[in-house]
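Residue numbers (our numbering), protein chains in the order written: chain Z, 1 to 354; chain S, 1 to 354.
Just to be clear, a hint being listed does not mean it is correct.
[Stated by the list, open to error] Sample of chain S residues at the chain Z side, in silico, Cβ under 7 Å:
| hint | residue |
| --- | --- |
| 1 | Leu13 |
| 2 | Leu18 |
| 3 | Ser34 |
| 4 | Thr78 |
| 5 | Glu107 |
Quick caveat, the hints were computed from the structure, so don't treat them as lab data. All C-beta atoms, glycine included, are put in the ideal place defined by N, C-alpha and C.
Residues per chain are reported as follows:
Protein chains: 2
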Amino acid sequence: MKKHNFSAGPCVLPQEVLQKASEAVLNFNNDNLSLLEISHRSKPFVDVMEKARALALELLGLEGKGYKALFLQGGASTQFLMVAQNLLEKRAAYLNTGTWSDKAIKEAAIFDDIHEVASSKSANFNYIPKEYDIPEDHDYFHCTSNNTIFGTQMKKFPKTKIPLVCDMSSDIFSRVLDFSQFDLIYAGAQKNMGPAGTTLVVIKEDILGKVSRKIPSMLDYKVHLSKGSMFNTPPVFAVYTSMLTMEWLKNLGGIKAIEKENEKKATLMYSEIDLNPLFKGYSAKEDRSNMNATFTLLNDDLKETFDTMWQDAGINGLNGHRSVGGYRASMYNALSLDSVKVLVEIMSELESKA
Amino acid sequence: MKKHNFSAGPCVLPQEVLQKASEAVLNFNNDNLSLLEISHRSKPFVDVMEKARALALELLGLEGKGYKALFLQGGASTQFLMVAQNLLEKRAAYLNTGTWSDKAIKEAAIFDDIHEVASSKSANFNYIPKEYDIPEDHDYFHCTSNNTIFGTQMKKFPKTKIPLVCDMSSDIFSRVLDFSQFDLIYAGAQKNMGPAGTTLVVIKEDILGKVSRKIPSMLDYKVHLSKGSMFNTPPVFAVYTSMLTMEWLKNLGGIKAIEKENEKKATLMYSEIDLNPLFKGYSAKEDRSNMNATFTLLNDDLKETFDTMWQDAGINGLNGHRSVGGYRASMYNALSLDSVKVLVEIMSELESKA
Numbered sequence: 001m002k003k004h005n006f007s008a009g010p011c012v013l014p015q016e017v018l019q020k021a022s023e024a025v026l027n028f029n030n031d032n033l034s035l036l037e038i039s040h041r042s043k044p045f046v047d048v049m050e051k052a053r054a055l056a057l058e059l060l061g062l063e064g065k066g067y068k069a070l071f072l073q074g075g076a077s078t079q080f081l082m083v084a085q086n087l088l089e090k091r092a093a094y095l096n097t098g099t100w101s102d103k104a105i106k107e108a109a110i111f112d113d114i115h116e117v118a119s120s121k122s123a124n125f126n127y128i129p130k131e132y133d134i135p136e137d138h139d140y141f142h143c144t145s146n147n148t149i150f151g152t153q154m155k156k157f158p159k160t161k162i163p164l165v166c167d168m169s170s171d172i173f174s175r176v177l178d179f180s181q182f183d184l185i186y187a188g189a190q191k192n193m194g195p196a197g198t199t200l201v202v203i204k205e206d207i208l209g210k211v212s213r214k215i216p217s218m219l220d221y222k223v224h225l226s227k228g229s230m231f232n233t234p235p236v237f238a239v240y241t242s243m244l245t246m247e248w249l250k251n252l253g254g255i256k257a258i259e260k261e262n263e264k265k266a267t268l269m270y271s272e273i274d275l276n277p278l279f280k281g282y283s284a285k286e287d288r289s290n291m292n293a294t295f296t297l298l299n300d301d302l303k304e305t306f307d308t309m310w311q312d313a314g315i316n317g318l319n320g321h322r323s324v325g326g327y328r329a330s331m332y333n334a335l336s337l338d339s340v341k342v343l344v345e346i347m348s349e350l351e352s353k354a
Numbered sequence: 001m002k003k004h005n006f007s008a009g010p011c012v013l014p015q016e017v018l019q020k021a022s023e024a025v026l027n028f029n030n031d032n033l034s035l036l037e038i039s040h041r042s043k044p045f046v047d048v049m050e051k052a053r054a055l056a057l058e059l060l061g062l063e064g065k066g067y068k069a070l071f072l073q074g075g076a077s078t079q080f081l082m083v084a085q086n087l088l089e090k091r092a093a094y095l096n097t098g099t100w101s102d103k104a105i106k107e108a109a110i111f112d113d114i115h116e117v118a119s120s121k122s123a124n125f126n127y128i129p130k131e132y133d134i135p136e137d138h139d140y141f142h143c144t145s146n147n148t149i150f151g152t153q154m155k156k157f158p159k160t161k162i163p164l165v166c167d168m169s170s171d172i173f174s175r176v177l178d179f180s181q182f183d184l185i186y187a188g189a190q191k192n193m194g195p196a197g198t199t200l201v202v203i204k205e206d207i208l209g210k211v212s213r214k215i216p217s218m219l220d221y222k223v224h225l226s227k228g229s230m231f232n233t234p235p236v237f238a239v240y241t242s243m244l245t246m247e248w249l250k251n252l253g254g255i256k257a258i259e260k261e262n263e264k265k266a267t268l269m270y271s272e273i274d275l276n277p278l279f280k281g282y283s284a285k286e287d288r289s290n291m292n293a294t295f296t297l298l299n300d301d302l303k304e305t306f307d308t309m310w311q312d313a314g315i316n317g318l319n320g321h322r323s324v325g326g327y328r329a330s331m332y333n334a335l336s337l338d339s340v341k342v343l344v345e346i347m348s349e350l351e352s353k354a
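Given these sequences and hints, build the entire structure.
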């Protein structure tokens with residue numbers, strides 16, 4: 001029995017993607033070689049890389065608009081420093097909405113001056129700040145679209161004339177947005193895209209080449225772009241599996257189709273949190289994340305019972321992050337509505353027992 | 001029919017490793033979840049990471065000697081810059097034995113002064129320079145143990161009082177060495193260790209903390225060491241598969257046992273190259289690599305026949321790198337002696353036909 005996997009990341013992936021990825025480890029492309037054993041310069045793998053790069057732009061509606069996609073290594077944590085190293089010349093504006101924004105700010109500050117335009121830190125990041133100015137003489141504005149730990153999500157993005165950079169690690173491909181409002185989008189694969197080990201970076205090329213520092217090759221977006229995301233051996237398995245997940249999403253109907261499913265799941269989940277007197281949501285209602293619902297159980301005495309109930313039902317990964325406590329139901333693209341129904345039923349059953 | 005995979009990397013891996021890795025993508029640890037879907041903070045994965053780190057030290061005979069092992073992302077190309085960023089304060093000594101040394105020098109030079117103590121570049125890297133001085137006031141000495149492209153391998157390493165740093169990407173775990181002569185060893189996984197996407201770094205801890213620059217977290221060995229190689233989400237699949245390959249090697253009898261096999265393969269291969277009048281070895285005999293045998297076909301008219309013969313026999317990846325031309329037989333740990341026999345027989349058959 002496959003579990004109901006509410007893990008925050010690495011997390012649930014589509015079963016058909018796992019099936020194909022598993023097969024490719026033994027025999028890729030019907031060529032009697034494993035995907036792991038072939039040269040990354042061979043045509044079959046170059047085709048995978050090119051297809052993955054094209055699918056990312058296609059799903060985001062960014063084809064033919066001056067954007068390029070890269071599949072790099074090092075996670076979003078490496079993007080925290082690469083963004084600054086490639087774009088920060090004097091001063092940059094950052095919005096602080098949680099642990100990941102905070103880390104992005106810390107890493108960028110190694111390179112130059114960072115201006116934190118707003119922060120919800122004093123409220124333990126339970127909301128998204130909305131009133132702030134972005135000075136036009138700054139190099140770029142950086143924000144985090146979804147905060148896995150606190151369960152908040154930016155519903156709107158500020159209009160600004162300077163480049164808009166967004167960490168979409170935990171909600172990429174999950175909702176319809178005008179992605180052309182962003183100049184650089186990055187996302188670690190291990191939520192809606194694939195296994196840990198690769199990071200999607202989508203860049204509007206014209207924002208590059210404006211800093212004066214020397215950049216080591218592996219940290220230079222221009223180097224990776226000039227080599228078609230193959231400057232060195234790419235993480236072949238992670239890129240291939242990400243490509244499979246993007247194909248799966250495209251076949252489902254793309255972001256528009258999955259957004260509907262994600263809204264159904266989130267509506268069901270938050271309705272239960274709000275209507276069930278045993279539970280309380282953590283984040284401000286207008287900023288609630290459709291990916292990660294954070295909530296607490298009001299009566300600690302029921303904790304053991306509740307934990308046993310969801311574990312017995314085959315639910316995995318429901319414990320909240322230590323910064324928030326309580327529970328966190330992560331509902332990424334590949335989690336089925338049925339899994340949410342199972343959890344909501346248990347919450348409701350707990351209420352009738354209590 | 002599985003192919004005879006002479007690819008230079010990514011390359012052949014043990015079939016039992018591929019089998020287990022493929023299974024883990026569907027169901028890891030009999031837990032009804034894919035390896036790709038579980039939290040990297042869960043006990044099953046933390047156990048994998050710790051086992052991989054311990055096995056690396058065990059195989060190298062470095063347990064209890066002040067070394068720690070890390071599994072990072074970004075390939076050896078990222079180590080080119082991390083080595084300099086973490087160790088280079090004023091000046092460092094580099095031995096230039098090929099394309100990869102050359103790149104390591106170029107990336108390090110972004111940080112500070114590099115002293116190239118010797119180079120075989122003018123001979124298109126067909127030998128390993130042996131006479132050179134390593135000034136004791138330099139921060140470290142860097143070399144590349146095996147040169148995949150040119151087919152040369154360092155048989156001895158210089159004695160020096162300064163830290164000895166070695167890129168062992170293409171011959172790690174292949175031969176018995178006193179690994180305690182090195183202070184930092186790094187190796188991209190995709191030759192003798194696992195799939196592309198992770199890099200082993202083995203560090204003697206006491207060489208760190210001696211540079212004055214600020215280092216971004218993801219590029220700081222001390223940060224990764226302090227977090228047990230889990231500062232951020234590691235490339236779970238690549239680490240797991242590397243762990244499986246190290247287990248396979250340990251069960252075979254470790255480096256000592258595989259060294260014997262590698263010597264048999266190399267002896268057979270080079271004997272044919274030397275005795276068959278149709279072929280000529282590329283690199284200096286005393287510096288020949290046991291991992292990558294580079295050779296040319298003296299009569300171009302036979303090329304089509306030879307290429308058809310080895311392709312028909314199910315041999316893969318025999319074409320030489322464009323910097324050398326001709327052929328390259330990469331004979332990594334997981335390549336069987338039988339595969340070398342198949343190739344050698346074809347070379348011999350070509351001779352009898354010609």
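Worksheet entry | Interface hint status, Thr78 of chain S versus chain Z (Cβ within 7 Å) | Cβ of Thr78 of chain S sits 5 Å from chain Z, so the hint holds.
Worksheet item: Can Leu13 of chain S be said to touch chain Z, with a Cβ gap under 7 Å?
Response: holds (6 Å)
Worksheet item: How about Ser34 of chain S: closest beta carbon in chain Z under 7 Å, or not?
Response: This interface hint holds because 5 Å falls under the 7 Å limit.
Fill in: Satisfaction of the Glu107 of chain S interface hint, Cβ to chain Z closer than 7 Å
holds (5 Å)
Worksheet entry | Closest C-beta approach of Leu18 of chain S to chain Z relative to 7 Å, hint status | This hint holds: Leu18 of chain S lies near chain Z, its Cβ roughly 5 Å from the closest one there, short of 7 Å.
This entry satisfies every hint, going by the numbered hints stated previously.
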